[in-house]
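Student: Line order of the protein sequences matches chains A and B.
Using the working numbering, the first residue of the first sequence is number 4, and each one after it goes up by one.
Using the working numbering, the first residue of the second sequence is number -10, and each one after it goes up by one.
Errors might be hidden in some of the hints.
Derived coverage of chain A by chain B (criterion: at least 3 residues anywhere in the stretch with Cβ under 8 Å from a Cβ of chain B; other residues may be distant) [claimed, not checked]: (1) 10 to 21; (2) 35 to 43; (3) 295 to 304.
SDA-like cross-link-like pairs, simulated, lysine to any residue; straight-line CA separation at most 20 Å [to be verified]: (4) B:LYS22 - A:ASN379; (5) A:LYS54 - A:ASN379; (6) A:LYS35 - B:VAL294; (7) B:LYS22 - A:LEU79; (8) B:LYS22 - A:GLN137.
From the derived model, a few chain A residues whose C-beta atoms are all more than 12 Å from chain B [to be verified]: (9) ASN5; (10) GLN7; (11) ALA49; (12) LYS201; (13) THR364; (14) LYS440.
No wet-lab data here; the hints were simulated from the structure.
We treat Cβ as the ideally placed atom computed from N, Cα and C, and that holds for glycine.
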Amino acid sequence: MNRQIRVLGIGLIILFLALFVQLNYVQIVHAKALASNPLNGRAIVAEYTAKRGSILSADGVTLASSAPSGDQFKYLRTYPAGALFEQVTGFFSFTYGSDGAERSYDKVLTGKKSPFKLPTSLSGLKNLLTNTDQSQSITLTVRDDLQKAAQAGLAGRTGSVVALDPRTGAILALYSNPSFDPNLLSGHDLSQVQANYKSLTSQPGGVLDPPAYRQTWPPGSSFKIVTSGSVYDHQSPLATKTYPTLAALPLPQTTTQLHNFGGEVCGGQLLELFTVSCDTGFGQIGLDLGATSLYDEAHAFGFDQTPPLDLPFAVRSIFPTPASFAQALPTLAYSAIGQEDVQASALQMALVGAGVANRGTIMAPHVLDHVTNSQNQVVSTYQPSKWLQATSPDTASQLTQLMTSVVSSPDGTGTAAAIPGVQVAGKTGTAQTGTGKIDAWFVAFAPATNPQIAVAVVLPDQPGANEYQGGTLAAPIAKTIIQTYLANHPATPLS
Amino acid sequence: MTRPPARRRTELGLIILVVFLTGGLYALAGFGKAGNLPANIGPFLVAIFVLLLVAHMAMRHSAPLADPILLPVAGLLNGIGYVFIARLSHHEARLQAFWTALGVAAFVATLVVVRRARDLERYRYTFAFVGIGLLLLPLLPGIGEDINGARLWIHLGAFNFQPGEIAKLSLAIFFASVMVERADLLSRGTRRVGRFLVLDPRYLAPILAAWGLSLVIFLAENDLGSSFLFFALFIGMVWVATGRAYYLGLGAGLFAFGSFLALKVIGHTKGRVEAWLDPWTHANTTGYQIIQGWFAIAGGGMWGVGPGQSSSGSIPEASTDLIFAVIANELGLVGAAALLAGYLLMVGTGLRVAVRCDRPFDKLLAAGLSLVLGVQTFVIVGGVTRLIPLTGITLPFVSYGGSSLVANYILLALLLRISHDTEQPAVAPAELVSVAA
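So that you can see chain A by itself, here it is in the shape it has in the complex:
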């Protein structure tokens, strides 16, 4: 029988070897494919159940925090500020993933980004074994008081407000209507979350995408800041050219004319055209400049580029390429006044304002201020960096003069943004979107001589009648933002 028993032993060894080979196949060879299988919820659960730090506003309000939930997901993410900060914090959902800072700073919040270090202490060893408390909290640059001012200013109307510190690119306010309460998606009752998601996505316009940095509209006359910049940078004699006083501008290659909004009549030199936002004048300036000069300036200010915002999927604002104007000169006149195919996000227009305010330099926009560990020690601080050199300091100071005139001159379109004792620089925009609707814009910064804050406000699809509506609808919101910020944040001199 011994021969058979030995053969039996060999047979069993072969069976066990087969098991070992199969284990190698599943755990090593095929592991990556299995890990990325859409049915595999392990990575999602592991990610979702990791302890997350809190998200705080610049003025100390808790925007997102996790509390032990005692169920399979371990922690419940809650957003005490609700819809007010949704477009900044985003949401964190088991079923629908995450968005906003929750997404872009996911690895920071869970502490997974900290590089592996051999433990040198007992608590370090404990952390290695337990993998539990590596979570970090992040403090944002966005301010609770300004978010509230933006929300109050919009007063329920659809629209976006973006405010930032032009010297650092720190976003101070980023709020849009419609918004939604991220708690609707972070709950652990998955069927309820699914129902919430369905009702959110069934709303027209898609409430899930933050409009302030993912949606674009024609910037209208607020784009004249860029057009004027192009004048100073590329053909400065045009700044002192006197343009004829017209109600409508004849256009090349066509019999149609570019009409001033509401049949107004205007003309004169650049300062005058800018102050009253003269469309016929700027249409001719666009034709005088040519497509290349206009495109180059727009590109320098960030059009046709994706802003390096530290929130996911920031949209690229559009200015058509020079080649596209070759057979369509009339559209160049319209593009010079921010119509036709020009499209800008609220963030992009705030960056245009910030670039002028910061002597021609656009800083990279960001919402992160600093990271703290679970012992409340600051681990790292965001280092501001330059994004674009939009224009020269000289041009920037010329543009500041133009923008100051819009607010302070009696016939300016932006007088609604005037603040006693503070010099505000601004530009209105009233983009005609056809069917009698307008997108009302206001781009501003203040104080003009020592800028602390740049703001862009857009109210799309307002019933429109005249060129002053950017000023009457959007400028007051920008004004309250600036006032709130300067009141709580006394101006500091430029270093």
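Please build the complex by placing chain B on the supplied structure of chain A, with the hints as guidance.
Tutor: Relative to chain A, chain B alone:
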């Protein structure tokens, strides 16, 4: 017996090592899961040490010459199993601790009661009837219970018991005794049919009857894993007893026929095979278990995610059928391979015991018991890793489940008893001395 043999000291040393290994794993799993040492780490260490010490003292008393490796390896597997069960369910861990104590008690009782393995031979028909009776128990109304589509449990008061586990041992003893007695008749044709000498069906009848009946019972209870295990045990033992290769051929044929029949008759079987061949199209039904097991194993990678740190929530039957997937997830390829090596060590040691035996019955029984251990491990690990269709069967010493644990401790005691008997000099020591002189 003034001085214990060296192998008992080896055993004690290995047991102490096992206590440290298991305690370390328990502590790590506690850290991984809750971030601190398990509150009952002290009592835990004392309990496993005392249990293994009791088994060890029984060895010193009743089987001092037996192999020193089997008991510590079984203790290690049992300990690893307990750690993972405790990490999955406190309730099951308490029950498993109770069953472990009962298993050790059964181990001691078997060593003490069965003074010589060959004594079992005399009760062969008792074992046959007990075996068949145990198999029939779950089918009785009132105490039988269906769990997950298989009727292989009985419940007595608060406890569920799977009598098939014990039946395996009973029938292995019966087979060994009958086959040893009739090995010659089974290996040589005695009846002339035309030009050929063929096996006399009279000699085969009792075995075929027992085998056929138990197979039918297993199938009636929907227990495919045990059916296969039992079948492999039977064919393996006949072949070891006779050395005739045609039994392997016959076995393969019968297996193919039985599989075909099972596929046609039992819906349960068809689902299992479909889930094995293509789990992805049945991802939410029959394939769910195997896919979740695969994801868990794959997630472990080379080194595992760490004891206590996996998210096991999605694995069904995590503490019983799929406990290997949880272990492979947390300990990685390295830990899973080490676990397999542990089983191979036990199986190999058992077969070595069989080879060293002089008495055919002891030899065949030891080989059969080792085969049970090896095949059962292969069937469940192969099933979980999708090498073969997944059938519900326990991973010996590791899975949660009282009857399995008790049966495996009895199996272990029988192997060790045979091992001791083999090492015992056949003649009295005094005579040996005189011969040597």
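Student: Starting from the hint list further up, note which numbers the structure goes against and sort them upward.
Tutor: 3, 4, 9, 10, 11
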